[in-house]
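A.B. asks: Here are the chains, one letter per residue:
Protein chains: 2
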Amino acid sequence: MTQRARATLLEAEHIVGYTTYIDLIPDDVTEAADELYDTPMCGEVSRTEEAVDRALAGNDVAIVGSGDPNVYALGGLALEIIESKGATASALDFEVVPGVPAAQSCAARVGAPLVNDSVSISLSDHLTPMADIESRLHAVAAEGFTIAIYNPWSRKRRENFETACEILLEHRPADTPVGVVHGAGRDDEAVEIVELGELKSLGETDLIDMTTTLLVGNEETYVWDGQMITPRGYESKYDY
Amino acid sequence: MTQRARATLLEAEHIVGYTTYIDLIPDDVTEAADELYDTPMCGEVSRTEEAVDRALAGNDVAIVGSGDPNVYALGGLALEIIESKGATASALDFEVVPGVPAAQSCAARVGAPLVNDSVSISLSDHLTPMADIESRLHAVAAEGFTIAIYNPWSRKRRENFETACEILLEHRPADTPVGVVHGAGRDDEAVEIVELGELKSLGETDLIDMTTTLLVGNEETYVWDGQMITPRGYESKYDY
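Chain order of the listed sequences is C and V.
Residue numbering for the first sequence follows the working numbering, beginning at 11 and increasing consecutively.
Residue numbering for the second sequence follows the working numbering, beginning at 11 and increasing consecutively.
Simulated from the structure, these hints should not be mistaken for lab results.
The beta-carbon is built from N, C-alpha and C at its ideal position, and this holds for glycine as well.
You may find that some hints are simply not true.
[What the hints assert, rightly or not] The following label-pair restraints were derived from C-beta to C-beta distances:
(1) C/Glu169 <-> V/Asp142: 25 to 35 angstroms
(2) C/Gly243 <-> V/Asp33: 24 to 34 angstroms
(3) C/Glu214 <-> V/Arg14: 46 to 56 angstroms
(4) V/Asp142 <-> C/Glu208: 40 to 50 angstroms
(5) V/Ala42 <-> C/Leu46: 41 to 51 angstroms
(6) V/Gly243 <-> C/Glu202: 44 to 54 angstroms
(7) C/Asp103 <-> V/Gly207: 49 to 59 angstroms
(8) V/Glu21 <-> C/Leu66: 41 to 51 angstroms
(9) C/Lys166 <-> V/Met140: 15 to 25 angstroms
(10) V/Ala42 <-> C/Thr40: 23 to 33 angstroms
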């Protein structure tokens, strides 16, 4: 958590969020708030609406998430709801407090897998059609991007994961390193570096579920001493 | 700065970095270190080598950057240098401390421009051939990605910026919103939301230089009340 996020939460009168994320906030921060409002997953719209209503009533409200508010998160939804209620962001002193995206916190756990031009893609087809997701995967896998994959697997979308593995294998060798980070920062955290060719079979294990982030290397990525390394390209410019 | 980054720097005996970034660290943190070692820009390899040598000599060394060590930064180079010296990451207790990438800290300043599948691309052809950069821009601009552009302009690569603007305009309407964030967090910070069609002409102004990050919206991104909003797609799923 950034120092700014902590300071913002300490100043907030109401803290609103998904129950799991509220539970991850240190006690001294939640105890400083007048009110906590948490709801389970899938209540994003009603929860954010509640947060905006409380702000419109004159309270200083913080909506919490787990990574950055711009990465598959509620920054935009909050603005859309403010707009739909005929209020303005400026009147509410609306601000987005940036954070560390899962791509970055998970990448750090396997070394330096991203480094160069990189892309984040979610395999959830809840809000984006699977045809678009497939087309995006083809486009970036064919170029040299490293790829962070969010929401890789759920019981309802087992096929999306398998399709994604197949698309990646059309463009990249089977021995391409893939960092698999499950439950980063939680009690059930597990980290492994695997090969792209074996990724699909891991969909049947506990390692890959909705709390997992995958970090797919590019053709230059290699594994050394338990670390994934995507060279930045300095070695072609300098002798060292 | 995250709380973990601050704690890590406070524990470090030596802090190594680009002069500008060392200057941005709070005084109480730098004063707690035994030694600071800073060099100007372009000394990345020799500076990182110096950091690794100091660690091999038994010191607790922190290499600092301005965003996240995986985003156009030195995480990978540090590992490559450790490897080249015949040492190991595990023997040195090497770890990457994640941070907030410029894409996120800049996006927060213009609202919620990224939100969905997103890509980071650098226009610097110092370490990546311009032909690859152009091909990547075509690939992602043709899909629905929001695009964070790093290193958009320098006197030596004015043409790269102009070419990038032209490629984006081949795939997206001229009124596509673009967030322009210059010198985020510095004294000369400037933030504007412009249209893609006018972006190229801004290359001749002080707003766009090597400290600027550009946030290019997708076809759904709009501007409201001074904020850039890329809808996450909830509105198609729910009534609110």
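A.B. asks: For this structure, which hints from the list above don't hold up?
C.D. replies: Numbers 3, 4, 5, 6, 7 and 9 - these are the hints that the structure violates, sorted from lowest upward.
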